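Use the sequences and the hints to build the structure in full.
There are 2 protein chains.
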Amino acid sequence: MKTYQEMSKEELTQELTALKAEYEKIKGMGLALDMSRGKPGADQLDLSMGMLDVLDSKTALKSENGTDLRNYGVLDGIPEAKKLIADVIGTKPENVIIYGNSSLNIMYDQVARAEMFGICGNTPWCKLDKVKFLCPVPGYDRHFAITETFGIEMINIPMTENGPDMDLVEKYVNNDETVKGIWCVPKYSNPQGVVYSDETVRRFAALKPAAADFRIFWDNAYVVHHLYKEDQAQILDILEECKKAGNPDMVFEFCSTSKVSFPGSGIAAIASSETNIADIKKRLTIQTIGHDKINQLRHVKFFKNVDGIKAHMEKQADLIRPKFELVEKIFSDELASRGIGTWMHPLGGYFISFEAPEGCAKEIVSKCKEAGVVLTGAGSPFPYKKDPKDSVIRIAPTYPSLAELEQAANVFVVVVRMVAAEKFLAEK
Amino acid sequence: MKTYQEMSKEELTQELTALKAEYEKIKGMGLALDMSRGKPGADQLDLSMGMLDVLDSKTALKSENGTDLRNYGVLDGIPEAKKLIADVIGTKPENVIIYGNSSLNIMYDQVARAEMFGICGNTPWCKLDKVKFLCPVPGYDRHFAITETFGIEMINIPMTENGPDMDLVEKYVNNDETVKGIWCVPKYSNPQGVVYSDETVRRFAALKPAAADFRIFWDNAYVVHHLYKEDQAQILDILEECKKAGNPDMVFEFCSTSKVSFPGSGIAAIASSETNIADIKKRLTIQTIGHDKINQLRHVKFFKNVDGIKAHMEKQADLIRPKFELVEKIFSDELASRGIGTWMHPLGGYFISFEAPEGCAKEIVSKCKEAGVVLTGAGSPFPYKKDPKDSVIRIAPTYPSLAELEQAANVFVVVVRMVAAEKFLAEK
Chain L
1 MKTYQEMSKE
11 ELTQELTALK
21 AEYEKIKGMG
31 LALDMSRGKP
41 GADQLDLSMG
51 MLDVLDSKTA
61 LKSENGTDLR
71 NYGVLDGIPE
81 AKKLIADVIG
91 TKPENVIIYG
101 NSSLNIMYDQ
111 VARAEMFGIC
121 GNTPWCKLDK
131 VKFLCPVPGY
141 DRHFAITETF
151 GIEMINIPMT
161 ENGPDMDLVE
171 KYVNNDETVK
181 GIWCVPKYSN
191 PQGVVYSDET
201 VRRFAALKPA
211 AADFRIFWDN
221 AYVVHHLYKE
231 DQAQILDILE
241 ECKKAGNPDM
251 VFEFCSTSKV
261 SFPGSGIAAI
271 ASSETNIADI
281 KKRLTIQTIG
291 HDKINQLRHV
301 KFFKNVDGIK
311 AHMEKQADLI
321 RPKFELVEKI
331 FSDELASRGI
341 GTWMHPLGGY
351 FISFEAPEGC
361 AKEIVSKCKE
371 AGVVLTGAGS
381 PFPYKKDPKD
391 SVIRIAPTYP
401 SLAELEQAAN
411 VFVVVVRMVA
421 AEKFLAEK
Chain U
1 MKTYQEMSKE
11 ELTQELTALK
21 AEYEKIKGMG
31 LALDMSRGKP
41 GADQLDLSMG
51 MLDVLDSKTA
61 LKSENGTDLR
71 NYGVLDGIPE
81 AKKLIADVIG
91 TKPENVIIYG
101 NSSLNIMYDQ
111 VARAEMFGIC
121 GNTPWCKLDK
131 VKFLCPVPGY
141 DRHFAITETF
151 GIEMINIPMT
161 ENGPDMDLVE
171 KYVNNDETVK
181 GIWCVPKYSN
191 PQGVVYSDET
201 VRRFAALKPA
211 AADFRIFWDN
221 AYVVHHLYKE
231 DQAQILDILE
241 ECKKAGNPDM
251 VFEFCSTSKV
261 SFPGSGIAAI
271 ASSETNIADI
281 KKRLTIQTIG
291 HDKINQLRHV
301 KFFKNVDGIK
311 AHMEKQADLI
321 RPKFELVEKI
331 FSDELASRGI
341 GTWMHPLGGY
351 FISFEAPEGC
361 AKEIVSKCKE
371 AGVVLTGAGS
381 PFPYKKDPKD
391 SVIRIAPTYP
401 SLAELEQAAN
411 VFVVVVRMVA
421 AEKFLAEK
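Listed in order, the protein sequences are those of chains L and U.
Mapping of the first sequence onto the UniProt record's numbering: position 3 corresponds to residue 3, and the numbering continues sequentially without gaps.
Mapping of the second sequence onto the UniProt record's numbering: position 121 corresponds to residue 121, and the numbering continues sequentially without gaps.
Hints in this document: simulated from the structure, not taken from any laboratory.
Bear in mind the structure is a predicted one, so any value in this text is a computation, not a measurement.
Think of the CB as a built atom: it goes at the ideal place given N, C-alpha and C, for glycine as much as any other residue.
A hint or two may mislead.
Unchecked claim - Pulled a few chain L residues facing chain U out of the computed Cβ check, cut under 7 Å: (1) 126; (2) 290; (3) 292; (4) 294.
Said to hold, decoys possible - Between beta-carbon pairs, the in silico distance windows are: (5) 177/L <-> 210/U: 38 to 46 Å; (6) 243/L <-> 402/U: 46 to 54 Å; (7) 75/L <-> 212/U: 34 to 42 Å; (8) 75/L <-> 46/U: 22 to 30 Å.
Stated by the list, open to error - Okay, derived cross-link-like pairs now, PhoX-like style, lysine-lysine, Cα gap no bigger than 25 Å in a straight line: (9) 301/L <-> 58/U; (10) 282/U <-> 386/L; (11) 229/L <-> 304/L.
In structure tokens form, the structure reads like this:
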């Protein structure tokens, strides 16, 4: 098959005419499909329904240390939930605070408290003229929304296949004391599926920040979200690496069971150094009396331990792996073969990050919408929703059924071909 | 029986000697009792255990509008939970946002967002030189902790039997634009059990605040927490009264099921005007994807409707009413009869607010502690923990068993008598 780069003007014209006809036909079908949402499918959620049976009116709702979990108290989580989450992310229970249902809320809180009260005695960020965050791109739109809402200046850091461009990260962090944080999704990054290499993690740990209150916001959202049994990424424990490098307080690590049990009804946690945990608890005790301990117990009883979570995630992987493979196959056959799009092959996480020819993403998303296929907005994976190359489109394959996904992906590839053909033709 | 005021120096000396001997005997008993905690007793929590049976793996976890409650989404609560809470506090579902497990956390968030972003387009409080809150006293220590943590200046407003001293409230609110809020527990106030009269509520609604962003923080914590079937307080709907008075946006109302179902595993809510709700949601959508919808459904299925909640609360009242009555009887027999203490007879809520002779509260709390009876710290019900008269002691009768409570109350009255006798003697 000829790539679009190789096609003559005539060939491209012919291709475009055929694609336009096909597109019109698709538009007439009245489709209503959605590849925008990073949500588990109903079949994945079905796997957690047993969680509703592990507690009943006969259960003694006591923690292993005897606390009555039905009553007030326990600011930082019940011991058995701390252990479970610590084992999941590979740290110690004493480094963990269990919150409510949302790790995003914990991240917002961390930024909000830094703004209002400062981190560990440092100047509150709201008193500073300028606060900057580094944002590896493409990244997670809700991270960027938090920093944007506080008026924090966001700086794009390009991603490589090993993680963020560390030369650039070091340049900023080690020299600019207005740089106070960086958003990271170290394993199966949103949206590319990048796994941070050991070297990347070690370079993070070895940073020499100009700002005493610089923190790495380490969103380990996909820590157990492998797609393949035989090819599971492991990343180094950033807390441990930072400690070894003499930067014990440099990291806030986040995780949740949102895409393990039930989104919205899971448990979320932060892990950090003893000093940071004490700093957080000093304020947290004003914010709340405690989080939902019964739901913490429910999770512990259902999963039992980290192996239970891993086994559960294998079942989920069996459900979503075919979806990822289907999309990748259609993209390979229809787009890569024509030289009009690239992506990284993800080994886990929730997304495929498709890179269209430059200047095409917005048009593709818009044309797909017209044809009844909703995609994540072009630009979403970038600060201020501005993709400098107008190229990245985040594909979320988990929520639709396989049949819907096939239909949606087939519409998508026709639209990409049409928009790319137009672009290449205009440049001839 | 003679009151201490009526006793001669000799009689008081004799009384004190006897009490000191009794106190020493009590100290020798090695008691470990606690009347400090506003927590439900285990028997109250037992009443909610059925809540763990209303959902199981066979339940369709759908909202009445078809939403899959197991997945992401629904920022402001499922419709049936909004209706339940609206009926409890007497407002409309569209005025309600259902949150997670803690109304305290909602209040903190409201103050935090006002500080960081301002209310409805007004200047963020953190940019102002001075922000003040009115604090009816005695009041709830955790309210005061929130305003203190933000450096908000707190002004004591004396409570009357009809609510806060409204002359003073009007004077401050209508003339001082740095006064941005007031903490209210309008029904069965913490700790006195005061019920705001209709006139008080109407005077609140008719305020003419100097500050456009003045808000009443209306913590309707004990809305269904009656002690008696035949004597249940009703207060006017502040949202409706404010609307009628032309101040539709002046109130944030809070409530939760913390002392209805399970503290820590209940649902909490804010109710406010359409304008305020829209202002809140604009930021809330950055903070979180949504709260625990399955727990919302669990509450709706268990209680069914507001009548279900009322019936449930009657059962709780049957358990705690004898505790309140026991404490009041011992106080009447041993203290009121001797002229050394007053309190209001509460018809609901969680506390009895004992007022010792001036200058005695700290000493009483300290001497009780020495004898193995823990009380809420003297000063706690006041901003900055400073009781100007050193008189108020908050008694929490719900958590101990009746037998423990009787023992604790009997120690308490001996200590009050001893400390009061010493004081009266010193003044002879």
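Are there hints from earlier that the structure breaks, and if so, what are their numbers?
-> none
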